[in-house]
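> Read off the chains here:
Protein chains: 2
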Amino acid sequence: MAKKYVYTFGGGRADGKAEMKNLLGGKGANLAEMARIGIPVPAGFTITTEVCTAFYENKQKYPAGLEKQVKEALVWVEKQMEAKFGDAENPLLISCRSGARVSMPGMMDTVLNIGLNDKTIKGLIEKTGNPRFAYDAYRRFVSMYGDVVMGVKAGGKEEDPFEVILESRKKKKGVHLDLELDTDDLKWLVKEFKALIKRRLKVSFPENPDDQLWGAIGAVFESWMVPRAISYREIHHIPGDWGTAVNVQSMVFGNMGDDSATGVAFTRDPATGENYFYGEYLTNAQGEDVVAGIRTPQPINRSKPVTKGVKTLEDEMPRLYKQLSDIRDKLEKHYHEMEDVEFTIQQGKLWMLQTRTGKRTAAASIKIAVDMVKEKLITKEEAVARIDPDQLDQLLHPTFDDKAKRNVIAKGLPASPGAAVGQVVFSAEDAEELATAGHKVILVRIETSPDDIRGMNAAQGILTARGGMTSHAAVVARGMGKCCVAGASDLHVDYKKEAFIANGKTVKKMDWISLDGSRGEVILGQVPTSQPQLSGDFGKVMKWVDQIRRLKVRTNADTPHDAKVARDFGAEGIGLCRTEHMFFEGERIDAVREMILAEDTKGRQKALAKILPMQRKDFIGIFRAMDGLPVTIRTLDPPLHEFLPHTDAEIKDLAQKLGVKPAQIKDKVESLSEANPMLGHRGCRLGIMYPEITAMQARAIMEAACKVQQEGKKVFPEIMIPLVSHVNELAAQRALVEEVAEEVMAKKKVKVKYMIGTMIELPRAALTADEIAQQADFFSFGTNDLTQTTFGLSRDDAGKFLPDYVKDGILERDPFVVLDQDGVGQLVRIGVEKGRKVKTNLKVGICGEHGGEPHSVEFCHNVKMDYVSCSPYRVPIARLSAAHAVINEKKKITRDV
Amino acid sequence: MAKKYVYTFGGGRADGKAEMKNLLGGKGANLAEMARIGIPVPAGFTITTEVCTAFYENKQKYPAGLEKQVKEALVWVEKQMEAKFGDAENPLLISCRSGARVSMPGMMDTVLNIGLNDKTIKGLIEKTGNPRFAYDAYRRFVSMYGDVVMGVKAGGKEEDPFEVILESRKKKKGVHLDLELDTDDLKWLVKEFKALIKRRLKVSFPENPDDQLWGAIGAVFESWMVPRAISYREIHHIPGDWGTAVNVQSMVFGNMGDDSATGVAFTRDPATGENYFYGEYLTNAQGEDVVAGIRTPQPINRSKPVTKGVKTLEDEMPRLYKQLSDIRDKLEKHYHEMEDVEFTIQQGKLWMLQTRTGKRTAAASIKIAVDMVKEKLITKEEAVARIDPDQLDQLLHPTFDDKAKRNVIAKGLPASPGAAVGQVVFSAEDAEELATAGHKVILVRIETSPDDIRGMNAAQGILTARGGMTSHAAVVARGMGKCCVAGASDLHVDYKKEAFIANGKTVKKMDWISLDGSRGEVILGQVPTSQPQLSGDFGKVMKWVDQIRRLKVRTNADTPHDAKVARDFGAEGIGLCRTEHMFFEGERIDAVREMILAEDTKGRQKALAKILPMQRKDFIGIFRAMDGLPVTIRTLDPPLHEFLPHTDAEIKDLAQKLGVKPAQIKDKVESLSEANPMLGHRGCRLGIMYPEITAMQARAIMEAACKVQQEGKKVFPEIMIPLVSHVNELAAQRALVEEVAEEVMAKKKVKVKYMIGTMIELPRAALTADEIAQQADFFSFGTNDLTQTTFGLSRDDAGKFLPDYVKDGILERDPFVVLDQDGVGQLVRIGVEKGRKVKTNLKVGICGEHGGEPHSVEFCHNVKMDYVSCSPYRVPIARLSAAHAVINEKKKITRDV
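Those sequence lines, one after another, are chains A and B. Here our numbering is used: the first residue of the first sequence is 20, the next is one more, and so on. Here our numbering is used: the first residue of the second sequence is 20, the next is one more, and so on.
Be aware that one or more of the hints could be misleading.
One copy or two, it doesn't matter: identical chains are merged, so the pair holds either way.
Straight-line alpha carbon distances no greater than 20 Å define the calculated SDA-like cross-link-like pairs of lysine to any residue that follow [claimed, not checked]:
hint, residue 1, residue 2
1, K819, P710
2, K819, F662
3, K853, Q840
4, K687, I615
5, K687, D815
6, K819, A694
7, K733, D577
Hints are computed from structural coordinates only; laboratory data are not their basis.
Let the hints inform the model, and build the full structure from the sequences given.
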């Protein structure tokens, strides 16, 4: 017997269930689950993802037995729906939809109304008594099939050829809406559409319903591999071999007249998380009319204020609204989740077409999680587990300053919250190109389509002139955590002129605008931003997070201000304080340059003596801000030439200040220049050649520590030596720091508890961590440099090929963003293990950019680090990720037991 | 009871023996051994190296019990020599010499004639009846003690103050030689020397013999840590904690009149290895007169032609010469080695002062080894083990072209063979500084001293105006394998003017000269060099070497010529053929530049089509030269910007050739420039972004291979993909190469056995070698880049601190010269093991510079590589090192059993 490739559902039963997502795809599994729990679902069947995989593995051929199983399932569906596929009198129409393990909204193809032809159309007219509806379905079917299955599409900058014909008819009739066309118009369209196909392809439109069905199934499977789908999977890290399922389902129609409707809804507000039923619908319409954003839909109820004159579903069809609302309750109780549903009302009967976990903003995510704990739907741990750390990011970014003046030139829907400032572009390609070149851009489109995905990802924010809260732009932007204002209908966009007009203002390509995604405002110019205000729910969740996690979270901060911000975000110390940033500030850069240009130790010491009090002041500020928490301070790291001027004017200026000849400075600049500064004279190599620099820094740190401790505060300085490759380097610097520290403490008559440790940021340091640990009180993995050296890849130069590497699948992810666990991670693991082998109480952390990236934080947890350190705004994300690591670990243990 | 710190020897017995070198030092152990086998040795005792170590560990204090043991030993010596230390009537005089585990010629201090004072001088006069001798010994003692123990030395450019007094006396007397001074002169000198000491130090010269002895012992121990000794140990990799022993020995005198003499000898000729007794002596002189090269000594026999009128020891003292010659035989039979001895004849009685393994040239080393095998003194394996791979180097370097014209301006002794061409400098500091800056220099000195060691090491060759074949310059240069012409007495050196005059020609600083170390010629200008001619003995030894070693030796060669040279040196294949060097040649650089400047794939392909036939021709030449042997060819490695012009003139020129605007080229140069080219867009990253480059190279290789195979030769191309960090990179390049290879072979109707492999030169590649091996037929460790990335150290930039790192002991050795086994070596080991775990027959080699360095070759043997690959001239060295690895392995197994 052949393998089971086809799973039926409908009529209160199903072959499949929710847990079978990998096999049936998210949509198929949920349709099965809905059918099982008694929710009205049009009968249908799912062709499994295994068929898709087999299809691509076997030169695009279907596995044996599939055809028979589809035939049998179709017969079963016919029985359920009391109609016959291809029957001239009582025709069953079906849809064919993709459905992968995870939702890829709008990415793949769908064909509706399959089964219509010049014979069955008659049966449909008779059955519904509505020739206009029937021809409307027929013309939609022909154009959709012609486009999706047969490939008759707009080429290049050409408009959709079916749309051109449709528009020509509307123009001729002098009408605006499709609804205003009559039966004859639609009949004419069917004829013209078929003629267009014949003209383009030299073949006729298939009249045989079986051919139509298999054509549609094939098109859906093939759409798994179209470029936009591949792009989407890249962005969302979805493996290509997961494949998609195909859902074949009986059609129900929301466009059978005024007693019909179609809509989408979320069981709670996906933007705010508020606990009310939230959705939109259109009467006498098909589902894609809502999603595509061509007509602006109506709200399903009045939970939120409704524009005057607009009716809701609750007003128009109270009984059906009640039924829908009950289903909402049933779904939430069943799934313990906020669901995103599609429904259709056909001549007064409600059908549920889909349910899935609803995408939501970070704010909504937190509110829903907290509310559901209150409602005892989920546990605290489940609540924490549900919050996506990546999404949390948007909560932590600045919003527009409340007091800033706003020149609002248009209003749209608040489709995805947040603030975005950027230069206007009108195509996804421009957005990508300019963003790569370092520009901040806002992508402005009449409406977006799946082809725009990469450009949307590259943009700061998205602005559309058409479409609702569930339009493509809105859904995708929320998923990306990106600010979006949708359906700003005052906008007149002219792609050719690359400009839009709003409220009389013309905004051209490269002009600056600001978007307020929470208010739906389009603002001229650059609006200043301010710190995010976090809700009480956020605090509650983070409290739960802190109860769960084991990993400490510190911050990378070089100033008292950053330290303060990070502390407010919950940082438990500073994991990396870079002293070199302090060297650039104000007048001290002159002293630094004087030090570099000095001919001997004495000259350097003289200049360093000028820097000492300034450095000490910096540290005093930081120690005060971090009262009671540890502060890791790294000694000077960058090569000295970074501090020198490079232009002739700057050199001349400096020469004057120091009273030397410009040529002397030029000589020094030249003699210090390096072929590969990343691998050059930097890090502890500076401190070893110029011990006086390390000595000055150690003095500044310890004098500051003594002073702040004498003020009654608690200081825990951890002095960190960078770029150690051999234990002898650390031993030499350690001896030097200890000598200075003891001298300072003796003089100040204070005992400060301090530590001396090192960065592990070179492969050799990780490999010889057992030797290095003998001289170190702590390790901090500098995974930026460790990634550069392990890959032999300069971060500054990788831009020329790394994006292509990720695009072409050579590397799964950018290793500078997500820690490469296979390679760099091995060194980290070796480093931790070897270090702890000789010193069991060795404190170990990470201070590379990876310290705030969720996958990397989980890795740090798994290798048993003590802490991660990240930029202030990523501290909450790291805390959450650390909690997730514990939850995942428990799950794994449970699974393994 | 205290530990035994003092070991006596003399009178046909000894506490110690030859095997106790670590404890007694080389000199002490050999004195003991000589005494044990009945060779006449002045009685004495050795204070162990443990005392030296304890001395430095314990704040320069001696261990308890030492004083008592010294006293007892001294009493035993007094008995043996029938004289009494400090006795006014029958005084015993003693010497105090250093003696480390390995010889450090002239590096440490010696004090002679200890025990002389105003009382004992009288006894000495009475005992010898020779007041002139006695006062000569006394004045020598006072000046030596004053200098070595009390520190009265020349400061800065000042002359030796004792020498100044001596010279003033000679001038006053109108004499040239010390010998011409009479007793009163010498008496006067003693007085003046003592007065000088008193004047300088405000203390009197110590009259108490015990004080003198302990002063001398202390000075010897302290001289272990003087800068020149530390420098010498650095150059020769001698650990500081080995320490030195102190040998206290009865004085015997070669300057007691014409029946006395002193000399040094080698049991075979140290320059050629010829089997005759070779040595020099001076009558009526002390040992240091020979070594210091102040008087030119006479040969001991006529084995080599002797200048007319010069007498030999054999002529002058035939009986003693016979006794010495018998001792020579005895020593060679006992030690199975060529020995370097010091002897003194005191009033007709022969005393042996020292024996040690004789330093020798590479040629001598080989001849002696081969001869001793013939004489059945040693086995073939012992013969191989005795040849120093580092020294072999000098045999393999070019010598002067026989046909070249030579403008010989002076002749000296052929002190160390070889040819050297360089610019003249007159101080060790200049030599070091200019060599570091990239100059080739010849160090010219009147005579050299241990302070010149670093400068000698930096120079191409050494030329001295004074001193014999065993002078400091000659001994040290031979040890370094460096060309040296010594005692060129026609040379008039003027340090102040920084010039020398020879044969009427004035040669100034920075002028070019050439030295022929085998003929002792000083030649004006730069003489062209030619290939070395290797002796039959060399071939014999290398045959033994090849029988012993397991590791194959390949060469790094980019041209048929290099391939041929290396094959003649015994290379068993090419381990690295760099294709980029070919890109620079002649007109093809234009095509390469055209390729780089092309805007698209088509443009690149057009340019590559021009390069293809040239590359193919290169490979045909190489495959022919390596008929029957494998050839590893690396695909393009350096970043493309390396091929572009950089000066405005070059850019203009290229623009004209290509018919484009200079600005266009400038833009490209700028857009390709990189912050860290070493970690940039190079290696396989090029081939992945521009697959057409790899395809062209694969085509050139395979077309060449097919052609040469069709000529009846055997070709084994191994195509090597560089800079792989992730297996996917290799997989992509492998697929591309395979496709081209199969296509070419199908077209040419030939099957060539080819391999595709990769460089392992990034830490990530080593760490994920198990993954990478699945796509590789072979690994070649690129330890240059692996060292750079593992240390995070750019070879181009390390010059600013790496020398200091080695000097200060942060790193034991330069990791670019000797493979860092602790760090980089771990990655190599991981790489080999992981690679072989998934592919047991994986071929593994090394192609970094380390492939020709003896320690590194041994490491490669130990990690079970299949081959090493090195530059052509180092192939024999690698072969020898590979044999040594086997011998050492056996020894280790024997030890461990």
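> The structure should be examined with respect to each hint, and the outcome stated for every one.
Against the structure, the hints:
1. K819 with P710: Cα proximity of K819 and P710: across copies only (15 Å, versus 38 Å in one copy).
2. K819 with F662: Cα proximity of K819 and F662: across copies only (18 Å, versus 27 Å in one copy).
3. K853 with Q840: Both. Shortest intra-copy (18 Å) and inter-copy (17 Å) distances satisfy the 20 Å Cα cut-off.
4. K687 with I615: The answer is within: 9 Å in one copy meets 20 Å, while 34 Å across copies does not.
5. K687 with D815: Answer is between: at 18 Å across copies they meet the 20 Å cutoff, but 24 Å inside does not.
6. K819 with A694: For K819 and A694, the Cα distance is within 20 Å both inside one copy (19 Å) and across copies (12 Å).
7. K733 with D577: Within one copy only: 19 Å inside, 65 Å across.
Comparing the model with each numbered hint stated earlier shows that all of them hold.
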